[in-house]
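Enquirer: By full-length UniProt numbering, the letter at position 85 of the sequence shown is numbered 85, and the numbering carries on one by one without gaps.
Note that these hints are calculated values from the structure, not bench results. Please note that the accuracy of each hint is not assured.
Below 25 Å or equal to it, Euclidean Cα-Cα: the simulated SDA-like pairs (lysine to any residue) are [to be verified]:
1. K87 with L72
2. K87 with V63
3. K76 with W92
4. K87 with N39
5. K87 with P110
6. K87 with I56
7. K76 with V66
8. K87 with G102
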Amino acid sequence: MAKKPTDRPEPPVEEVQPRVLEEPGAGASEQVTDADDNNVWMRGLWMVVLALLFGIGEFVLVVAAVLQFLWLLFGKERNEPIAAFGKDLADWLARIALYQAGSTDERPFPFTRWGPKD
1 MAKKPTDRPE PPVEEVQPRV LEEPGAGASE QVTDADDNNV WMRGLWMVVL
51 ALLFGIGEFV LVVAAVLQFL WLLFGKERNE PIAAFGKDLA DWLARIALYQ
101 AGSTDERPFP FTRWGPKD
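Use the sequences and the hints to build the structure in full.
Expert: Below, the structure is given as structure tokens:
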């Protein structure tokens, strides 16, 4: 014998309103600074890490400069993507220098967006 389905009332369904999330890195409130930490040792650690990254950045800049020179030599014109990358890289290296010199508490990329400030 088949059982009859019981007439149970269905539980009420709660309406959940959709929520729009902000794009990562879009807000100024997401910037990480050492003023938030108040930790001199942590800043020192980041200064060492950024010094190593600065050295790598210098090497990448030399590679980009050699590639740009070869492009100019053989192509007789400037390579715009290499030039744009060089500009962004120079901005990043300058931000590292400002952070290490103590001129700013704002950490550079990867803690902020890549490229020039808006």
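Enquirer: Now look at each hint and say whether the structure bears it out.
Expert: Cross-check of the supplied hints:
Between the alpha carbons of K87 and L72 the distance comes to roughly 17 Å, so the proposed pair stays at or under 25 Å and holds. For the hint linking K87 to V63, the alpha-carbon distance of about 14 Å falls within 25 Å, and the restraint holds. A hinted pair counts as satisfied when its Cα atoms are at most 25 Å apart, and K76 with W92 does not qualify at roughly 28 Å. Using a Cα cut-off of 25 Å, the hinted pair K87 and N39 is violated, with the two alpha carbons roughly 32 Å apart.
At most 25 Å may separate the alpha-carbon atoms for a hinted pair to count; K87 and P110 meet this at roughly 17 Å. With a CA separation close to 16 Å, the supplied pair K87 and I56 stays within the 25 Å bound. For the given pair, K76 sits about 14 Å from V66 by alpha-carbon distance, which is consistent with the 25 Å threshold. Taking the CA atoms of K87 and G102, the gap is about 23 Å. The hint holds against a cut of 25 Å.
In this structure, the hints that do not hold are numbers 3 and 4, in rising order.
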